[in-house]
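**Q** In case you want the letters, here they are:
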Amino acid sequence: MAGASPFVNNRTLPTTIDLADVERKFGDVVALERTTLRFPAGETTALIGPSGSGKSTVLRLILGLIAPTSGRVLFDGRAVPAAEFPALRHRVGYVIQEGGLFPHLTVRDNVLLLGRHLRRDPKTLDRRLDELCALTRFPASATGRFPGEISGGQRQRVGLMRALLLDPDVLLLDEPMGALDPLVRAELQGEFREIFARLSRTVVLVTHDLGEAAFLAGRLALFREGRLVQTGSVEDFRRAPAEPFVEEFLRAQRAAAW
Amino acid sequence: MVKGAAFVLAFGLAASCGAAEPVIVGSKKFTESYVLGEIAARTLEARGIRAAHRQGMGGTLILWQALAGGAVDVYPEYTGTIAQEIVRTGGPGTVESLRAALAARGIGITDPLGFNNTYALVMRRSRARALGIATIGDLRRHPELSAGLTHEFLDRQDGWKPLAERYGLALESVRGIDHALGYEALRSGAIDVKDAYSTDARIARDDLVALADDLRFFPRYDAVYLYRTALAAPTVAALGSLAGHIDEAEMRRLNARAEDTRDYGRAADLFLGKRSPAGAGTARKIAGWTARHVQLVSLSVALAILFGVPLGVLASGRSIGSKAILSVAGIVQTIPALALLALLVPVPFLGISPRTAILALFLYSLLPIVRNTATGLQDIAPELKESAEALGLSPSARLGRVYLPMASRTILAGIKTSAVIAVGTATLAALIGAGGLGEPILSGLNLNDHATILEGAIPAALLALAVEGLFEIADRVFIPRGLRLPPRNPPAA
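First to last, the protein sequences are chains A and B.
Just so you know, my numbering puts 248 at position 248 of the first sequence, and the rest follows in order with no gaps.
Just so you know, my numbering puts 1044 at position 44 of the second sequence, and the rest follows in order with no gaps.
Worth flagging that the hints you see were computed from the coordinates, not collected in a lab.
Just so you know, these numbers come straight off a predicted model, no measurement behind them.
Cβ atoms here follow ideal geometry from the backbone N, Cα and C, with glycine treated the same way.
Worth double-checking, as some hints may not be accurate.
Stated by the list, open to error - DEER-style ranges, computed between Cβ atoms: (1) A:L250 with B:S1319: 46 to 56 angstroms; (2) A:D76 with B:E1472: 54 to 64 angstroms; (3) B:Q1378 with A:S151: 22 to 32 angstroms.
Said to hold, decoys possible - Here are a few chain B residues that sit away from chain A, every Cβ distance over 10 angstroms (derived from the structure): (4) A1185; (5) S1198; (6) D1206; (7) G1317; (8) L1326; (9) L1384; (10) G1392; (11) L1393; (12) S1408; (13) R1481; (14) L1483.
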């Protein structure tokens, strides 16, 4: 399906992202301590941890929405200069809670906004919208609705469609299902896993839900108060917790699940 | 929008610049000045000199600045006022001494027209008799009396403060009130004393008495015309021909005629011994005022949108400059309308013209638009702003495709506020001869003629309602439907 689309990314290797000694302070507050962390190409990595642990800061650093206080963010080994941020952001899809949709635009206009801004061919854009509807199982008949007229789960699908419009190399998701009720959430998690597998892009997912992280990502990075505590699979966390906080976090999550 | 504004601007300029330049006669906002202005204009016309009468242009300050700036060529004035308010030499105030002082400024003065319209303090005859008051000095014995004085008299060098000082008066209640309304207040007993001109027709009609100026405080107020010496000789000669031809009784008769007929033109005709052609129909006059009013409001609000929205965008930031924009716009708003007009009139190119009125209205319309644009943009949820940035939209696309549409409701509300305020404020345009619905309101206030006031006030109120209605429609056109959804529970997934 995607093979026929002019949006398909023909680069053979998806992008590897590295945080190299990256630190970010807001005034005296350290949002992220010096961190070195690799997001391997084509893999899904989940950033987990309590609220305020620095997970979202990592995504915003990758997008260049905020600059590191020290250290560098590397794409395939190269630091991207600020002048190239717009082009970079076209290669990176970003989905936030509730989809971050613009309320004054219909689903269709939200999804196609960037393509129109870049003056892509309207017919091609229409085809791409159909592809994305099929991929995210969003009903094509509802693309004329406004974000206020569709459900939270649908908004999340639209947010993903918008992020995938230009077939980006990298997909960043910040608590994409944080606002959904459990049934919708479970359904959408299944679909997202399928989509990630099909696209084989570099995905970074922020969540505070260990179950969701383990279900969607092969590799987890646990943060606490701006500090990277441990990376690995959930099994690694169980077998060899780096510090007591890891066990504590695992226990708390189990309690919440039941 | 830009095209529309350019069109209206061009139209406004064309309307204000006639082909051949007529002699512009100005007059102040009271009956006698209207009548003398009309007499001058008709005398010039009778001699084949084109003339236009910009009537009721506020007070001495505005008219003097208009004359000095060349926006007005002629207006009636009084020697006492010239000596106290304009020349301020402290000299004897004779026509000869004033002529010498004014010549240096390019202003000429005719010989006196023949009457002395001095200031006077007036009371109801019955009340004055009951209290045994005949002179201003007698007021010292009655500090309980309340005075209602015109704002100009309260401020003047030959007005209330120096007068009270000279006579040692200390009235408990001294209030500022419009001249014509003051007569009503005097008649109803709301005030006991007011300032008047000795030729006011109402002194006799309302059975008032002028208190004797026993200390000779008031200087002479001989009526004259002031004119620009640059005027052609026949024009100056025509004005000079009026000198010595209007005595006090004649002036009082003309003032009475103007107030009886509610028509200054007829008073001028009485003096010139002619009959006025029947005036334009009321409906046509109202249509003309309304059209000019709409022109003033739409042009100034269009300009305010053109400048206000971009300024609002700049003001939505967090820098000191952003705050400064809002502060400056706020300060402009606090300048009283009349003061703003007086400040703008001497500016070259502006002067006594619709341009000045439009500029003043534009300045007043700016703040609500700037403030609402800034607030609307600041109120957009930060995560949505970040989404637009993360999408890789350029700053201008973010503003044009996302932020401004999202703020459209607030911005439109600001424009609506501006338009409604402008409809009200534009009535003041008549003070500087820019026309509009203020013309009947001001002249009606002056003549205490409710019918004339309503000829202006009702269309102005309807216009404000029409603006409200217009914005109901504008809301539908300019606010995206996605922002107008009724609040509802999100449907199940």
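**Q** Give a verdict on every hint.
**A** To see whether the hints hold, each was checked on the structure:
no.: 1; hint: A:L250 with B:S1319: 46 to 56 angstroms; verdict: holds, 47 angstroms
no.: 2; hint: A:D76 with B:E1472: 54 to 64 angstroms; verdict: holds, 56 angstroms
no.: 3; hint: B:Q1378 with A:S151: 22 to 32 angstroms; verdict: holds, 30 angstroms
no.: 4; hint: A1185; verdict: holds, 55 angstroms
no.: 5; hint: S1198; verdict: holds, 67 angstroms
no.: 6; hint: D1206; verdict: holds, 63 angstroms
no.: 7; hint: G1317; verdict: holds, 17 angstroms
no.: 8; hint: L1326; verdict: holds, 25 angstroms
no.: 9; hint: L1384; verdict: violated, 6 angstroms
no.: 10; hint: G1392; verdict: violated, 3 angstroms
no.: 11; hint: L1393; verdict: violated, 6 angstroms
no.: 12; hint: S1408; verdict: violated, 8 angstroms
no.: 13; hint: R1481; verdict: violated, 7 angstroms
no.: 14; hint: L1483; verdict: violated, 5 angstroms
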